[in-house]
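K.L.:
Here are the chains, one letter per residue:
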Amino acid sequence: DSGVTQTPKHLITATGQRVTLRCSPRSGDLSVYWYQQSLDQGLQFLIQYYNGEERAKGNILERFSAQQFPDLHSELNLSSLELGDSALYFCASSVRVFNNEQFFGPGTRLTVL
Amino acid sequence: DAKTTQPTSMDCAEGRAANLPCNHSTISGNEYVYWYRQIHSQGPQYIIHGLKNNETNEMASLIITEDRKSSTLILPHATLRDTAVYYCIVEGQAGTALIFGKGTTLSVSS
Numbered sequence: 031d032s033g034v035t036q037t038p039k040h041l042i043t044a045t046g047q048r049v050t051l052r053c054s055p056r057s058g059d060l061s062v063y064w065y066q067q068s069l070d071q072g073l074q075f076l077i078q079y080y081n082g083e084e085r086a087k088g089n090i091l092e093r094f095s096a097q098q099f100p101d102l103h104s105e106l107n108l109s110s111l112e113l114g115d116s117a118l119y120f121c122a123s124s125v126r127v128f129n130n131e132q133f134f135g136p137g138t139r140l141t142v143l
Numbered sequence: 026d027a028k029t030t031q032p033t034s035m036d037c038a039e040g041r042a043a044n045l046p047c048n049h050s051t052i053s054g055n056e057y058v059y060w061y062r063q064i065h066s067q068g069p070q071y072i073i074h075g076l077k078n079n080e081t082n083e084m085a086s087l088i089i090t091e092d093r094k095s096s097t098l099i100l101p102h103a104t105l106r107d108t109a110v111y112y113c114i115v116e117g118q119a120g121t122a123l124i125f126g127k128g129t130t131l132s133v134s135s
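Order-wise, the sequence lines are chains B and S. Under the working numbering, residues 31 to 143 are what the first sequence spells out, in order. Under the working numbering, residues 26 to 135 are what the second sequence spells out, in order.
Derived from the structure by calculation, the hints contain no laboratory data. All figures in this text were calculated on a predicted structure; none of them were measured in a lab. Check the hints yourself; a few may be wrong.
[As the list claims (entries may be wrong)] Calculated pairs, BS3-like style, for lysine-lysine (alpha carbon to alpha carbon, straight line, at most 27 Å):
#, chain 1, residue 1, chain 2, residue 2
1, S, Lys127, S, Lys77
2, S, Lys77, S, Lys28
3, S, Lys77, S, Lys94
4, S, Lys94, B, Lys39
5, S, Lys127, B, Lys87
6, S, Lys28, S, Lys94
7, B, Lys39, B, Lys87
8, S, Lys127, S, Lys94
9, B, Lys39, S, Lys127
Whenever a hint applies, use it, and build me the whole structure from the sequences.
P.N.:
Written out as structure tokens, the structure reads:
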């Protein structure tokens, strides 16, 4: 158990819909990262937040957005869903913004039908 | 793109040492070598990292060549639970995210 929690575990929805994935980082970790893992693309970095502020963006689509709240939990919002958005979405946290020792949650499996 | 090259797959007998190689010929002086593993769709798990000296922790040892162009992760006594995809990642301490390549699928069998 990494100490990072993600909800829900599984999510099944239809194309065109909007979903929200939630992540609670380890106690004391200020930095949160979101990654997407699909069969054809592997693990890809989406976006990073540090203490409520966006720090870095990776291959995140404009249809996707995220935020980190004052209690440090983070949400990833996916809208206008397409079949290709079906993937595992992982959240990770770390103590310092530039620390690459990251602790990953169990992931949310999103299926878009 | 990932800055590392790893074999696609490796096999290891249970109880033997698993030696996983990684080439990172373009590594720069301030970049660290990190190893993570992912067991069957679980979240990736940090294993170890190093800069130039060899490192050891309760999970594994990391051997980095003197020119730092390659490294080897050693699991001293592999078990069936070590079956996973192992990722070698090169990142500077000031990096912002982990860039995962395809990794090495290690299969440990009895």
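K.L.:
Hint by hint, note whether the structure agrees.
P.N.:
Outcome of the hint check:
no.	hint	result
1	Lys127/S to Lys77/S	holds, 24 Å
2	Lys77/S to Lys28/S	holds, 17 Å
3	Lys77/S to Lys94/S	holds, 10 Å
4	Lys94/S to Lys39/B	violated, 39 Å
5	Lys127/S to Lys87/B	holds, 21 Å
6	Lys28/S to Lys94/S	holds, 11 Å
7	Lys39/B to Lys87/B	holds, 24 Å
8	Lys127/S to Lys94/S	holds, 19 Å
9	Lys39/B to Lys127/S	holds, 24 Å
Checked against the numbered hints given earlier, this structure breaks only hint 4.
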